[in-house]
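*Asks:* Residue numbers (my numbering), protein chains in the order written: chain A, 1 to 329; chain B, 1 to 329; chain C, 1 to 207; chain D, 1 to 207.
Just so you know, these hints were derived from the structure itself, not from any lab. Treat the hints with care, since some could be wrong.
Once the Cα atoms are required to be at most 16 Å apart in a straight line, the calculated EDC-like pairs of lysine to aspartate or glutamate come out as [said to hold, decoys possible]: (1) 177/D <-> 25/B; (2) 316/B <-> 25/A; (3) 2/A <-> 140/B; (4) 2/A <-> 206/B; (5) 118/C <-> 211/A; (6) 2/A <-> 127/B; (7) 170/D <-> 141/B; (8) 170/D <-> 209/B; (9) 177/D <-> 253/B; (10) 316/A <-> 227/B; (11) 2/B <-> 211/A; (12) 177/C <-> 248/A; (13) 2/B <-> 206/A; (14) 230/A <-> 248/A.
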Amino acid sequence: MKKIINNANEVVQEMVEGIAAAYPDAVKQLPETSVIVRNDVPVKGKVGIVSGGGSGHEPAHAGYVGKGMLDAAVSGEVFTSPTPDQVLEAIKAVDGGNGVFLVIKNYTGDVINFEMAAELAEAEGIDVEQVVVNDDVAVEDSSFTTGRRGIVGTVLIHKIVGSMAEKGATLKEIKAVADKAVANVRSIGMALTSCIVPEAGKPSFELGENEMEIGIGIHGEPGIERESLKSSNEIAERLAEKVLRDLDYSGSEVAVMINGLGATPEMELFIVNKKVQQILKDKDIHVYRTYIGEFMTSLEMAGCSVTLMKLDDELKALLDADTAAPAFR
Amino acid sequence: MKKIINNANEVVQEMVEGIAAAYPDAVKQLPETSVIVRNDVPVKGKVGIVSGGGSGHEPAHAGYVGKGMLDAAVSGEVFTSPTPDQVLEAIKAVDGGNGVFLVIKNYTGDVINFEMAAELAEAEGIDVEQVVVNDDVAVEDSSFTTGRRGIVGTVLIHKIVGSMAEKGATLKEIKAVADKAVANVRSIGMALTSCIVPEAGKPSFELGENEMEIGIGIHGEPGIERESLKSSNEIAERLAEKVLRDLDYSGSEVAVMINGLGATPEMELFIVNKKVQQILKDKDIHVYRTYIGEFMTSLEMAGCSVTLMKLDDELKALLDADTAAPAFR
Amino acid sequence: MELTVKEIIAWLEISNTNIQENKAYLTELDQAIGDGDHGINMARGFQEVLNKVTDQEYEAISDVLKDTAMTLISKVGGASGPLLGTAFLKMSTAVKGQESLDTADFAAALNEAINGIKQRGKATEEEKTLLDVWSPMADYFSAVDQFSAEVITETAKDAMEKTKDMMATKGRAAYFKEKSIGHLDPGAVTSFYIFSGLAEAVKGGKN
Amino acid sequence: MELTVKEIIAWLEISNTNIQENKAYLTELDQAIGDGDHGINMARGFQEVLNKVTDQEYEAISDVLKDTAMTLISKVGGASGPLLGTAFLKMSTAVKGQESLDTADFAAALNEAINGIKQRGKATEEEKTLLDVWSPMADYFSAVDQFSAEVITETAKDAMEKTKDMMATKGRAAYFKEKSIGHLDPGAVTSFYIFSGLAEAVKGGKN
Ligand SMILES: Nc1ncnc2c1ncn2[C@@H]1O[C@H](COP(=O)(O)OP(=O)(O)O)[C@@H](O)[C@H]1O
Ligand SMILES: Nc1ncnc2c1ncn2[C@@H]1O[C@H](COP(=O)(O)OP(=O)(O)O)[C@@H](O)[C@H]1O
Ligand SMILES: [Mg+2]
Ligand SMILES: [Mg+2]
Ligand SMILES: [Mg+2]
Ligand SMILES: [Mg+2]
Numbered sequence: 001m002k003k004i005i006n007n008a009n010e011v012v013q014e015m016v017e018g019i020a021a022a023y024p025d026a027v028k029q030l031p032e033t034s035v036i037v038r039n040d041v042p043v044k045g046k047v048g049i050v051s052g053g054g055s056g057h058e059p060a061h062a063g064y065v066g067k068g069m070l071d072a073a074v075s076g077e078v079f080t081s082p083t084p085d086q087v088l089e090a091i092k093a094v095d096g097g098n099g100v101f102l103v104i105k106n107y108t109g110d111v112i113n114f115e116m117a118a119e120l121a122e123a124e125g126i127d128v129e130q131v132v133v134n135d136d137v138a139v140e141d142s143s144f145t146t147g148r149r150g151i152v153g154t155v156l157i158h159k160i161v162g163s164m165a166e167k168g169a170t171l172k173e174i175k176a177v178a179d180k181a182v183a184n185v186r187s188i189g190m191a192l193t194s195c196i197v198p199e200a201g202k203p204s205f206e207l208g209e210n211e212m213e214i215g216i217g218i219h220g221e222p223g224i225e226r227e228s229l230k231s232s233n234e235i236a237e238r239l240a241e242k243v244l245r246d247l248d249y250s251g252s253e254v255a256v257m258i259n260g261l262g263a264t265p266e267m268e269l270f271i272v273n274k275k276v277q278q279i280l281k282d283k284d285i286h287v288y289r290t291y292i293g294e295f296m297t298s299l300e301m302a303g304c305s306v307t308l309m310k311l312d313d314e315l316k317a318l319l320d321a322d323t324a325a326p327a328f329r
Numbered sequence: 001m002k003k004i005i006n007n008a009n010e011v012v013q014e015m016v017e018g019i020a021a022a023y024p025d026a027v028k029q030l031p032e033t034s035v036i037v038r039n040d041v042p043v044k045g046k047v048g049i050v051s052g053g054g055s056g057h058e059p060a061h062a063g064y065v066g067k068g069m070l071d072a073a074v075s076g077e078v079f080t081s082p083t084p085d086q087v088l089e090a091i092k093a094v095d096g097g098n099g100v101f102l103v104i105k106n107y108t109g110d111v112i113n114f115e116m117a118a119e120l121a122e123a124e125g126i127d128v129e130q131v132v133v134n135d136d137v138a139v140e141d142s143s144f145t146t147g148r149r150g151i152v153g154t155v156l157i158h159k160i161v162g163s164m165a166e167k168g169a170t171l172k173e174i175k176a177v178a179d180k181a182v183a184n185v186r187s188i189g190m191a192l193t194s195c196i197v198p199e200a201g202k203p204s205f206e207l208g209e210n211e212m213e214i215g216i217g218i219h220g221e222p223g224i225e226r227e228s229l230k231s232s233n234e235i236a237e238r239l240a241e242k243v244l245r246d247l248d249y250s251g252s253e254v255a256v257m258i259n260g261l262g263a264t265p266e267m268e269l270f271i272v273n274k275k276v277q278q279i280l281k282d283k284d285i286h287v288y289r290t291y292i293g294e295f296m297t298s299l300e301m302a303g304c305s306v307t308l309m310k311l312d313d314e315l316k317a318l319l320d321a322d323t324a325a326p327a328f329r
Numbered sequence: 001m002e003l004t005v006k007e008i009i010a011w012l013e014i015s016n017t018n019i020q021e022n023k024a025y026l027t028e029l030d031q032a033i034g035d036g037d038h039g040i041n042m043a044r045g046f047q048e049v050l051n052k053v054t055d056q057e058y059e060a061i062s063d064v065l066k067d068t069a070m071t072l073i074s075k076v077g078g079a080s081g082p083l084l085g086t087a088f089l090k091m092s093t094a095v096k097g098q099e100s101l102d103t104a105d106f107a108a109a110l111n112e113a114i115n116g117i118k119q120r121g122k123a124t125e126e127e128k129t130l131l132d133v134w135s136p137m138a139d140y141f142s143a144v145d146q147f148s149a150e151v152i153t154e155t156a157k158d159a160m161e162k163t164k165d166m167m168a169t170k171g172r173a174a175y176f177k178e179k180s181i182g183h184l185d186p187g188a189v190t191s192f193y194i195f196s197g198l199a200e201a202v203k204g205g206k207n
Numbered sequence: 001m002e003l004t005v006k007e008i009i010a011w012l013e014i015s016n017t018n019i020q021e022n023k024a025y026l027t028e029l030d031q032a033i034g035d036g037d038h039g040i041n042m043a044r045g046f047q048e049v050l051n052k053v054t055d056q057e058y059e060a061i062s063d064v065l066k067d068t069a070m071t072l073i074s075k076v077g078g079a080s081g082p083l084l085g086t087a088f089l090k091m092s093t094a095v096k097g098q099e100s101l102d103t104a105d106f107a108a109a110l111n112e113a114i115n116g117i118k119q120r121g122k123a124t125e126e127e128k129t130l131l132d133v134w135s136p137m138a139d140y141f142s143a144v145d146q147f148s149a150e151v152i153t154e155t156a157k158d159a160m161e162k163t164k165d166m167m168a169t170k171g172r173a174a175y176f177k178e179k180s181i182g183h184l185d186p187g188a189v190t191s192f193y194i195f196s197g198l199a200e201a202v203k204g205g206k207n
């Protein structure tokens with residue numbers, strides 16, 4: 001394992017301090033927590049937006065704290081949902097009197113810990129609403145399973161609810177737009193290599209020199225198929241096809257996100273993008289806006305994901321609104 | 001070699017098309033070239049800003065094309081300076097009547113090709129000025145050598161000259177501020193792993209499982225010392241020390257950039273940042289602004305670099321000015 | 001015999017020892033059908049539990065269990081932290097006011113724990129989770145009137161091993177679908193270490 | 001014999017063949033003390049040269065050399081592209097109007113090429129660059145009055161091999177400082193393929 005770290009079991013704490021030290025004009029760390037909040041919280045009258053999850057997905061989530069996006073991000077240990085008390089601290093810190101909205105990725109741990117925090121917050125008299133993001137079409141959605149995972153599409157939800165809150169929307173209005181956005185976003189990822197959890201010290205899984213895995217999760221959870229490495233065009237086709245099959249995008253306007261999982265050069269993301277744009281054009285799907293880069297990673301995993309979000313005028317305006325979050329571009 | 005590509009010898013062309021396809025509202029590709037320009041070039045009356053170099057350093061340089069930063073970026077083959085005719089096309093496309101300013105990284109190939117282009121442009125009646133960025137303190141600077149390399153500090157120069165041009169400055173004024181900025185910026189990098197040039201198909205160099213190299217170049221050129229892997233704190237100390245020894249920063253205000261070389265998780269950059277900020281604080285160097293992320297990469301190399309730029313009021317204002325360049329944050 | 005504060009603390013101590021010794025193994029199990037953090041999570045959590053409960057004198061079993069619960073809930077995260085934390089919290093409530101527990105008391109407490117886990121995790125038995133150890137253990141204690149170290153260990157081990165052939169439909173292992181079959185559930189293995197820790201404590205293995 | 005358009009074209013053809021055959025080797029040399037693109041660069045450039053010059057009939061040597069120069073300048077990039085391009089451009093100018101070249105003519109053209117390389121690259125001899133092959137070759141042709149394939153190849157080879165013991169102070173290899181000693185300079189090796197290509201052409205090895 002080659003990592004630029006001090007102690008494998010202190011990476012999250014040190015990272016959070018490093019984030020606070022990087023952007024002192026914009027954010028701060030809540031003392032003795034792993035919570036990064038906007039410098040000016042609580043913003044009186046504004047609904048507070050809180051997200052978070054396990055660490056190892058940087059810049060998610062702390063990089064999205066800033067005016068127009070999140071008020072707080074709670075970082076758990078690597079790939080481990082944060083604990084309810086940490087989430088509660090975040091909720092209390094950002095409540096400006098009009099309640100707090102939670103953006104949760106759909107994993108058992110995240111859901112449980114955030115819900116416990118919400119109960120504790122409500123016991124303290126804070127209104128809490130939430131949305132559970134489940135954009136990963138690699139996972140079947142059924143009432144007998146835990147349902148689809150939440151992956152990089154979550155970042156678009158952050159942007160949308162953050163803009164909405166900044167405009168002064170109520171908790172209920174934010175909930176409505178969040179539900180709409182989540183219903184309209186789908187993603188799927190693929191990996192060429194594993195990541196290494198610092199404390200585990202070895203790769204989470206093995207992929208052969210000529211293998212790739214389609215549908216991989218951002219914690220190294222398995223995908224749909226493990227197969228021989230294909231060309232960028234074929235990979236783009238496969239990913240786009242899975243997303244397009246899950247939701248009817250025909251004739252609509254979309255936001256496209258091509259996300260790097262950690263080690264994949266941006267060059268390759270642009271090559272994937274070229275093909276994805278072509279596919280969408282051929283299907284008469286109009287691309288309103290494209291995001292390319294590392295938005296939600298999986299430590300040093302090589303691979304990428306493709307996200308499509310169907311847009312209406314409201315969502316377009318919310319995506320376009322300004323934000324000061326350092327990692328959103 | 002595991003890469004998401006189609007043909008190793010078409011990566012640059014496909015990438016450039018992928019960039020143009022990603023940001024059609026902001027940039028376009030000059031037909032039959034590897035040049036990305038702002039959509040609205042030439043901007044009448046504004047000095048045009050052109051940079052570029054070998055590919056493989058994404059988001060540099062095409063990601064910095066946008067209002068307030070570059071007017072054009074010229075992409076050569078991977079790690080290979082672009083040819084004079086391509087640079088000439090860029091210069092011609094962005095000249096708004098008041099001349100064109102070139103930002104060149106100090107490599108023999110870059111300098112020669114850009115200078116040849118400048119001569120050709122001048123022969124066509126276009127005023128051209130240039131700055132050669134040489135921020136890498138890993139390399140000794142002497143009149144008998146090629147001098148220090150230009151690395152990630154170049155991105156701050158892009159920002160500064162881009163803001164300056166946007167404000168309506170003349171070629172001469174831009175040259176003056178660029179010279180000042182270059183004189184005040186120093187960087188140094190370190191690597192944990194090699195990168196793989198797609199057409200070469202194998203790692204450019206080998207580093208043992210417990211080795212790192214301090215002072216590595218962004219094309220895998222060698223560093224100062226190859227040694228056993230150290231802790232993040234020790235690495236931060238080493239890098240900061242080399243930079244601080246090269247220029248007297250005491251008592252001054254600085255911009256800090258912690259740059260990932262490609263495969264290093266952002267988490268690790270923040271851990272490095274924590275220590276760097278502490279070191280600067282201890283030395284009474286005031287940090288005006290910190291940039292963390294991947295600004296100039298070396299394909300999938302794992303490693304990072306630390307950059308410090310001494311600032312005065314003019315440079316601060318230029319760094320802070322707005323830009324629409326998709327990769328600057 | 002009945003369980004008193006002394007046995008409960010010994011139980012937690014031995015559970016912690018078991019988990020620390022098997023941290024890497026638990027993580028490997030979670031690498032196979034999860035995200036590779038279970039051993040790390042449990043080792044961190046139980047170490048904190050130990051620090052907490054050996055740091056003070058307890059009068060009531062319910063207080064030991066409550067501190068255990070709050071520590072697991074606030075120091076672990078993930079799915080296992082709040083679920084095991086909830087289990088201990090429900091047990092704490094169930095045994096409030098009791099100075100010692102016989103098998104029926106303990107079974108009642110476990111049944112509360114199981115309800116808590118089910119409510120939080122929205123899972124039921126046979127979904128290849130830690131429930132598949134906790135549930136059989138509750139049944140077992142309901143059916144006996146003696147704490148027998150050997151049978152406790154054996155029952156827990158059996159239950160743990162049965163998770164191998166199950167297909168996961170809840171938690172992260174569910175994403176592996178059929179491929180989860182053939183692997184032990186990490187949370188079930190941790191639960192085995194907890195109940196075999198209880199067996200040791202009953203034997204007076206520690207203290 | 002003297003060099004005519006025919007020999008010049010054969011020269012370029014054989015040089016290209018040499019370079020294509022040794023593309024991987026040249027890249028390896030550049031991986032050792034550069035950035036690992038030299039073989040790729042040269043293979044791309046000379047393939048384009050070949051496409052260009054075999055695509056048409058030439059009357060004048062100077063035109064062949066000029067097309068070669070412009071192709072290298074516009075298709076290669078890096079340090080080697082514009083430097084070799086400049087070399088051929090200067091040769092083109094030097095031989096303007098000449099229908100054939102004797103060794104003195106060729107030496108004069110090479111001397112112009114060398115001046116061009118030095119001016120562009122700000123390097124001189126003994127800095128471990130392609131100049132360390134071009135310069136000895138110019139000296140050699142100045143001193144002889146016959147094109148002798150064997151001696152040409154031998155002289156170029158000697159010159160190339162001498163770069164092994166030099167320390168680089170220009171180009172990317174300069175960053176390796178002392179560590180550059182013991183490695184052949186990639187550009188010098190390419191230059192050897194170019195001059196051994198000339199030797200073959202002189203023998204009538206192609207056409
Ligand atoms: N819904 C659930 N109900 C009960 N137990 C669960 C549930 N989901 C997961 N678990 C248990 O949690 C264990 C995984 O814990 P851990 O790896 O620490 O957390 P995470 O899955 O969040 O990484 C599983 O092995 C399983 O026993
Ligand atoms: N200043 C210079 N003068 C003459 N030749 C040079 C100079 N710099 C580099 N070269 C030659 O160029 C070769 C490297 O070419 P190449 O690898 O294609 O370009 P780059 O160094 O830009 O990657 C070196 O081996 C050397 O022979
Ligand atoms: Mg986890
Ligand atoms: Mg090169
Ligand atoms: Mg886990
Ligand atoms: Mg090279």
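*Asks:* Compare the structure with each hint and give your call.
*Replies:* Hints versus structure:
| no. | hint | in the structure |
| --- | --- | --- |
| 1 | 177/D <-> 25/B | 47 Å, violated |
| 2 | 316/B <-> 25/A | 15 Å, holds |
| 3 | 2/A <-> 140/B | 28 Å, violated |
| 4 | 2/A <-> 206/B | 14 Å, holds |
| 5 | 118/C <-> 211/A | 39 Å, violated |
| 6 | 2/A <-> 127/B | 49 Å, violated |
| 7 | 170/D <-> 141/B | 12 Å, holds |
| 8 | 170/D <-> 209/B | 32 Å, violated |
| 9 | 177/D <-> 253/B | 34 Å, violated |
| 10 | 316/A <-> 227/B | 51 Å, violated |
| 11 | 2/B <-> 211/A | 9 Å, holds |
| 12 | 177/C <-> 248/A | 26 Å, violated |
| 13 | 2/B <-> 206/A | 14 Å, holds |
| 14 | 230/A <-> 248/A | 26 Å, violated |
The structure is inconsistent with the numbered hints 1, 3, 5, 6, 8, 9, 10, 12 and 14, although it conforms to all the rest.
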